[in-house]
Structures are given as C-alpha cells and as structure tokens.
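Colleague: So the chains spell out like this:
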Amino acid sequence: MSAATLSDTGAVHRFRFGDYARYLGAAVFVGFCLFPFYMIVSTSVKPESDIFSFPPSWVFDITFENYHSALFVFGGSGVLPFLINSIIITAASTVLAVGLGSMAAYGLTRFKVVAGDHLFFFILSTRFAPPVAFIVPLYLMMQRFGLLDTHFALVAIYTSMNLSLVVWVIRGFFEAIPIEIEEAAQIDGYSRWQIFTKVALPLVKPGLITTSILSAILAWNEFLIATVITQSSSATLPVYLSSFSGSMGLEWGPYMAVGVMGVLPIMIFTLVLQRHLVRGLTFGAVR
Amino acid sequence: MAHVELKSVTKTYPNGAVAVNDLNLEIATGEFLCVLGPSGCGKSSTLRMIAGLEEISHGQILIDGQNVVGKPARERDIAMVFENYALYPHLNVFNNVAMPLVARRTDKQEINDRVTRIAEMLDITEHLEKRPGKLSGGQRQRVSLARAMIRRPAMFLMDEPLGHLEEYLRIELRREIRALHESTGGTTCYITHDQQEAAAVSDRIAVMSAGELQQVGTMHDLINKPVNRFVAEFVGETPISILEDVSFADGRLTIGDYAIGLNEQAAAACAATPPATVGIRPADFVLGDADATGLSAVAESVQPMGETAIVLCKTACGPATVLLDQVDLPSEGESVRLAVDPDNLHLFGPDGLNIMYQGS
Ligand SMILES: Nc1ncnc2c1ncn2[C@@H]1O[C@H](COP(=O)(O)OP(=O)(O)O)[C@@H](O)[C@H]1O
Ligand SMILES: [Mg+2]
Numbered sequence: 002m003s004a005a006t007l008s009d010t011g012a013v014h015r016f017r018f019g020d021y022a023r024y025l026g027a028a029v030f031v032g033f034c035l036f037p038f039y040m041i042v043s044t045s046v047k048p049e050s051d052i053f054s055f056p057p058s059w060v061f062d063i064t065f066e067n068y069h070s071a072l073f074v075f076g077g078s079g080v081l082p083f084l085i086n087s088i089i090i091t092a093a094s095t096v097l098a099v100g101l102g103s104m105a106a107y108g109l110t111r112f113k114v115v116a117g118d119h120l121f122f123f124i125l126s127t128r129f130a131p132p133v134a135f136i137v138p139l140y141l142m143m144q145r146f147g148l149l150d151t152h153f154a155l156v157a158i159y160t161s162m163n164l165s166l167v168v169w170v171i172r173g174f175f176e177a178i179p180i181e182i183e184e185a186a187q188i189d190g191y192s193r194w195q196i197f198t199k200v201a202l203p204l205v206k207p208g209l210i211t212t213s214i215l216s217a218i219l220a221w222n223e224f225l226i227a228t229v230i231t232q233s234s235s236a237t238l239p240v241y242l243s244s245f246s247g248s249m250g251l252e253w254g255p256y257m258a259v260g261v262m263g264v265l266p267i268m269i270f271t272l273v274l275q276r277h278l279v280r281g282l283t284f285g286a287v288r
Numbered sequence: 021m022a023h024v025e026l027k028s029v030t031k032t033y034p035n036g037a038v039a040v041n042d043l044n045l046e047i048a049t050g051e052f053l054c055v056l057g058p059s060g061c062g063k064s065s066t067l068r069m070i071a072g073l074e075e076i077s078h079g080q081i082l083i084d085g086q087n088v089v090g091k092p093a094r095e096r097d098i099a100m101v102f103e104n105y106a107l108y109p110h111l112n113v114f115n116n117v118a119m120p121l122v123a124r125r126t127d128k129q130e131i132n133d134r135v136t137r138i139a140e141m142l143d144i145t146e147h148l149e150k151r152p153g154k155l156s157g158g159q160r161q162r163v164s165l166a167r168a169m170i171r172r173p174a175m176f177l178m179d180e181p182l183g184h185l186e187e188y189l190r191i192e193l194r195r196e197i198r199a200l201h202e203s204t205g206g207t208t209c210y211i212t213h214d215q216q217e218a219a220a221v222s223d224r225i226a227v228m229s230a231g232e233l234q235q236v237g238t239m240h241d242l243i244n245k246p247v248n249r250f251v252a253e254f255v256g257e258t259p260i261s262i263l264e265d266v267s268f269a270d271g272r273l274t275i276g277d278y279a280i281g282l283n284e285q286a287a288a289a290c291a292a293t294p295p296a297t298v299g300i301r302p303a304d305f306v307l308g309d310a311d312a313t314g315l316s317a318v319a320e321s322v323q324p325m326g327e328t329a330i331v332l333c334k335t336a337c338g339p340a341t342v343l344l345d346q347v348d349l350p351s352e353g354e355s356v357r358l359a360v361d362p363d364n365l366h367l368f369g370p371d372g373l374n375i376m377y378q379g380s
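Chains as they are written, first to last, in this note's numbering: chain A, 2 to 288; chain B, 21 to 380.
These are computed hints drawn from the structure, not numbers from a lab.
Here a beta-carbon is modelled for each residue, glycine too, at the ideal position from N, C-alpha and C.
Among these hints, one or two may not hold up.
[Stated by the list, open to error] Taking lysine to any residue pairs in the SDA-like style, the calculated list, with each CA pair at most 25 Å apart, reads:
#1 B:K150 - A:P207
#2 A:K199 - B:A123
#3 A:K113 - B:N35
#4 B:K91 - A:G190
#5 B:K128 - A:P207
#6 A:K199 - B:H147
[Claimed, not checked] Pairwise CB distance ranges, derived in the manner of DEER restraints:
#7 B:A303 - A:T198: 39 to 45 Å
#8 A:E176 - B:G90: 23 to 29 Å
#9 A:I88 - B:S59: 55 to 61 Å
#10 A:L120 - B:P58: 37 to 43 Å
Input sequences plus hints: build the corresponding full structure.
Modeller: Here it is as structure tokens:
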C-alpha cells in the first residue's frame with residue numbers, strides 16, 4: 002500500500018516509484034481508449050489531402066468543409082434527416098420509458114400488488130435474452146402491423162427495452178422515501194396522483210436523471226434492431242453510418258464528421274442533465 | 021373542532037399481529053387527550069386509524085357522529101405531526117407550511133397572510149426560505165407544527181412529536197403545544213411514551229398496554245386510582261412497590277410481620293375476596309426505626325435526588341422503594357420499619373392483577 006491516501010492508520014504515504022509507474026500505465030491505457038476518438042475528430046477537420054498522409058500529419062489546416070458536406074451532401078441527402086430521426090426516436094422512447102417506468106416502480110413500491118415481487122423479477126427478466134434473439138419475431142410483428150420503417154416501431158421497441166431498467170433503478174429510489182412524507186401529503190390534502198407527481202417524483206429526481214441518461218444512450222446507439230426494422234425514412238444515425246462501410250472510395254472526411262455529429266448530441270444531453278444531479282437532495286427533513 | 025369516538029376498534033396487521041384490540045375511547049370536543057403506553061402497545065396504530073392512514077379491521081370510528089371508516093385521510097379534516105417531522109425535503113419552509121392550503125386551492129394572498137402569521141407564532145419567520153434539511157430538529161418540528169395548524173382542522177393528531185428532540189427542547193415545545201392547543205381550541209390526540217410529557221400537555225390520559233386500553237383519566241386518577249397492576253406499575257415517576265405475603269383476618273390486613281387496621285369498607289372488600297398483593301406508592305411509606313410498628317426491612321441503598329431521596333429496601337414480602345425527604349435518612353444496611361396509612365393501600369385481588377380496593 003503506497004498510494005498517497007490515508008491508510009488505515011491515518012498516516013499519509015509518500016509518493017513512491019510504484020505510483021509513477023501506475024500512473025504511467027493508466028495514462029497509456031487512457032490514450033489507447035481515446036485514440037480512436039481523436040482520430041475521428043481530427044480526421045473530420047482535416048483537408049482531404051492530409052487524411053491519408055503517412056506518417057499521419059499532426060499539424061494541418063483546420064477545415065469545416067467535411068461538416069458542410071456531411072450535413073447536406075454526403076450519401077445523397079446528408080446526415081440531417083437521420084440525425085432528426087435519431088433525436089425524435091431517442092427523445093420519445095426516453096420520455097416514455099422514464100414516465101411509464103416511474104409509474105410502474107411507484108405502484109410496485111407503494112401499493113399491494115398481487116405477486117408484486119414476481120412481477121418485479123419478471124420485468125427484469127425481459128432483458129435476459131440477447132436482443133438478436135428477438136430480431137426475427139420483431140421484424141415479423143412490425144411487418145404484420147405495417148410498422149416497418151416507422152418511428153413508432155423503434156420508439157415502442159426502445160421503450161420496452163428501457164422500461165425494465167427504469168423500473169429497477171427507480172424502485173430503489175422510491176423505497177428510500179420515508180413513507181411519512183407521503184402520508185403527510187395525504188393528510189395535507191393531496192390525491193394519490195398529486196402525491197406521485199408533486200412529492201414522490203421530485204424526491205427521486207436523481208434516479209430520473211440517471212435512468213434518462215442510460216435510456217437515451219441505449220436508444221441513441223442501438224444499431225441491430227434499427228437496421229432490421231428501418232430502411233430509409235425512419236433510419237437512425239447508426240443505420241445511416243453503417244450503410245457506407247464497405248463501399249469503395251469512401252469519403253473519410255465527411256464520414257468522420259458524421260461520426261462526430263453522432264456523438265455530440267448525446268454527450269451534450271448527458272452533460273446538461275448531469276448538472277442537475279444534485280447530490281445531497283436526500284431526505285433532510287427526516288432525522 | 022370535533023368529537024371523536026372509537027367503538028370496539030381492532031387492528032390486525034396482515035402478518036397476524038393484533039396491534040389494537042377492541043378499543044373503546046372517546047375524545048371530547050376541544051379536549052387534549054394523551055395516549056400513553058410502552059413502545060409497541062398500539063398507540064401509533066390507533067392514531068393512524070383515526071387519521072385514515074391505516075384501515076381498521078373491526079369496529080367504528082366516529083368523528084362528530086359520522087362513521088369515517090373508509091374515508092380517505094384528506095377528507096377527514098385532520099392535521100398530523102409525525103415523530104420524524106415528515107417535512108417535504110424539496111420545498112422550502114414557506115411551501116411546507118403552505119402545503120395544506122395549496123392542496124386545497126386556497127387563494128394566494130390568503131396563503132401568504134396565514135403562513136406569515138403562523139410563522140410568527142411559532143418563531144420560524146427567519147427560516148421561511150430555507151429547506152428543511154438546513155434546520156435543527158427543534159426548528160423542523162416547529163415547521164411541522166405550523167403546517168398542522170395553518171388550516172384550523174377539526175382535529176390534531178400527534179405521534180410522539182417530541183420523541184427525537186433533546187430534553188430542554190421537549191420541555192419548551194411541550195409548553196408551546198399546550199398553549200397552541202388552548203389558543204386554537206382544537207381537539208387533540210397526542211401520543212407519547214413519556215408520562216411526564218403526558219401529564220404536562222394533556223387534559224386526560226389513556227393508558228394502553230399490549231393493544232388494549234387500560235384506563236382513561238387524569239394523571240391524578242392514574243396515580244391514586246389505578247385500575248390494575250399494569251397502570252399502577254407503569255404510571256408514577258418512581259415505581260410502586262408490590263408486596264406479597266398478604267393476608268386478611270378480623271378486620272386487619274397483615275403484610276409480612278406488619279398488621280394494619282382497615283376501615284369498614286376495605287375490610288368488607290377483603291372479607292369478600294382475599295387480597296393477593298398490595299401496592300404502595302414510594303411517597304406513602306412512613307419510615308420508622310427498628311422498634312417502631314411496620315414491616316421490617318433493611319435499607320439496601322440510599323440515592324439522594326436533590327430535595328428527596330430514594331431508599332431501596334429489602335423486605336420479606338419483596339423489594340420496596342421508599343421516597344423520603346432529605347432529612348433523617350437511614351444509612352445503608354440499617355434495619356428499619358415501613359408503615360403506611362391504610363387509605364394509601366392499593367389492594368390487588370386474587371389474580372394479583374386487578375385492583376379490588378383502594379383508599380380515596
Ligand atoms: N405495518 C405493520 N405490520 C405488522 N405489524 C405492525 C405494523 N405496524 C405495527 N405493527 C405491530 O403492531 C404493534 C403496535 O405497533 P404501534 O402501533 O406502532 O405501537 P406504538 O406506536 O405504541 O409503539 C407492534 O407490535 C408492531 O410490531
Ligand atoms: Mg409509535
């Protein structure tokens with residue numbers, strides 16, 4: 002034990018050689034992880050002539066031509082329609098999953114539900130099988146309903162996939178609310194629904210934010226189902242991106258620009274929500 | 021203002037626990053009634069049934085003559101104060117206090133006026149903008165009291181509201197609660213396991229044990245006229261002494277080696293049913309030296325308590341606790357005699373549990 006932390010005895014250890022080695026190792030690993038991301042970003046702002054230079058050019062003129070091309074030209078229509086599809090489908094499925102999931106979690110926490118614990122387990126068990134196992138049935142189902150290549154199809158599928166996550170996480174948050182707070186609200190004159198929306202939900206805000214982020218990331222990045230269910234009019238960004246891999250003479254600049262645009266919205270969404278994750282809005286009114 | 025009546029109320033929890041058994045209790049309009057009893061005796065269950073937070077398994081609860089069973093809490097015109105305050109952590113003090121009015125869609129201006137007024141009464145004006153998490157326990161309970169009083173409900177229910185507070189705050193707040201009760205005139209049902217608190221705030225006290233009501237009366241009644249051994253032992257700051265080896269013959273009651281002449285009424289009662297044990301309050305003992313009349317005893321320990329002292333004695337009939345003034349205390353190990361005025365005897369019947377006779 003030589004980390005520069007407080008040990009059991011309370012003494013502060015000096016930084017030793019081993020610590021430097023460890024930090025170096027960590028730095029190498031972080032570099033390894035971030036390098037592809039660096040490549041995407043740097044390639045997206047390189048002029049075409051610099052993209053394939055070897056050794057890679059570390060210094061180059063920054064250009065946003067690739068972004069213009071990616072937005073409006075690349076692949077015929079540009080990325081914009083698909084970006085919009087992704088945003089609509091992600092937003093709708095996240096709102097639905099968190100909305101319905103928190104209601105289900107509240108019901109399971111506060112009401113006597115017949116076989117509630119079994120139901121709770123069943124809800125999680127819907128995620129046990131790998132999604133690929135559902136592909137064919139899902140495809141057939143959507144085909145019969147005439148829902149292939151619609152926003153609705155993906156919204157419904159992503160909502161059902163995220164529901165279990167939301168129910169599981171939020172139930173724990175609801176359980177942590179002292180029951181007396183809700184009883185006080187009952188006596189103060191609130192209906193069940195008002196207690197849910199005006200007392201319980203505000204108190205589980207950290208859980209709502211966490212599950213919103215996780216649900217949105219899943220919907221945003223999901224590829225397998227999207228590529229089977231959608232072709233063009235409802236295709237999401239991953240589907241659009243993948244349609245270029247394997248094609249000859251790929252324009253790497255615009256392709257990488259699309260990649261960056263695929264990361265930015267979800268990153269911004271996550272950062273914005275995370276700022277609201279106020280730790281410590283715990284139950285200060287009790288004890 | 022409400023008149024409350026509990027008729028054969030029984031609460032059985034789904035797990036089979038009988039928390040309240042066949043409880044009959046009446047709370048008069050404007051009365052301050054305390055429910056007193058050891059932890060787990062069913063006090064909270066009783067209060068929660070009155071509030072409508074817990075279903076009742078059997079019986080009726082009448083508020084102003086109307087059976088409220090099945091009515092949701094918000095329609096019962098009550099306010100409740102919880103032991104753990106139960107404030108809304110995400111709202112500031114103002115909004116916490118205003119909640120009962122907001123939920124009932126009261127006019128904004130009126131809410132403002134009333135919160136301002138009640139905040140002044142309870143001395144929380146300077147905290148109105150703070151969240152409950154920033155307040156001390158005493159301040160939180162004041163907020164919770166303000167929330168309860170903002171709406172002038174027919175009835176106040178308080179479940180050990182001072183339980184989490186420090187001693188000095190309890191004494192201060194209990195006086196305020198009493199004063200608030202007098203100024204609003206609301207009917208109040210107040211739960212506590214602390215008999216001093218019960219005596220300090222209430223008009224009458226209902227003693228419960230193991231889900232059953234034992235006795236209802238003033239503190240004076242409970243001390244001087246307990247109906248059974250539980251009340252006799254539970255109520256009273258220093259415990260009552262229960263002495264065994266009691267017999268009755270020829271108008272005289274014999275406790276160990278001590279014979280007392282009984283009055284006619286007591287003698288008649290004893291002639292009808294022989295007493296099994298006798299209870300004597302610590303302050304009712306008269307201490308004499310070894311050759312006085314009385315039950316022979318040995319003073320085992322002497323605990324001075326300021327103006328008074330508690331002397332624990334060993335007698336042939338069981339341990340006796342004696343409360344004395346700080347003069348003429350026996351020394352530890354000294355042999356003494358314990359006498360008692362026959363009017364101060366509490367005689368328990370053959371089962372040893374129920375009072376068969378006690379002086380006035
Ligand atoms: N929700 C519950 N489920 C099962 N048993 C309970 C429940 N609430 C209370 N009890 C039991 O009922 C009895 C009375 O509880 P309670 O009314 O809280 O007593 P008190 O408030 O006097 O301490 C206790 O034995 C307790 O264990
Ligand atoms: Mg209780």
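Colleague: Could you run down the list of hints and mark each one as holding or not?
Modeller: Now for the hints, and whether the structure bears them out:
no.	hint	verdict
1	B:K150 - A:P207	21 Å, holds
2	A:K199 - B:A123	10 Å, holds
3	A:K113 - B:N35	14 Å, holds
4	B:K91 - A:G190	13 Å, holds
5	B:K128 - A:P207	31 Å, violated
6	A:K199 - B:H147	22 Å, holds
7	B:A303 - A:T198: 39 to 45 Å	59 Å, violated
8	A:E176 - B:G90: 23 to 29 Å	28 Å, holds
9	A:I88 - B:S59: 55 to 61 Å	57 Å, holds
10	A:L120 - B:P58: 37 to 43 Å	39 Å, holds
Taken one by one, the earlier hints fail for this structure at numbers 5 and 7, listed in ascending order.
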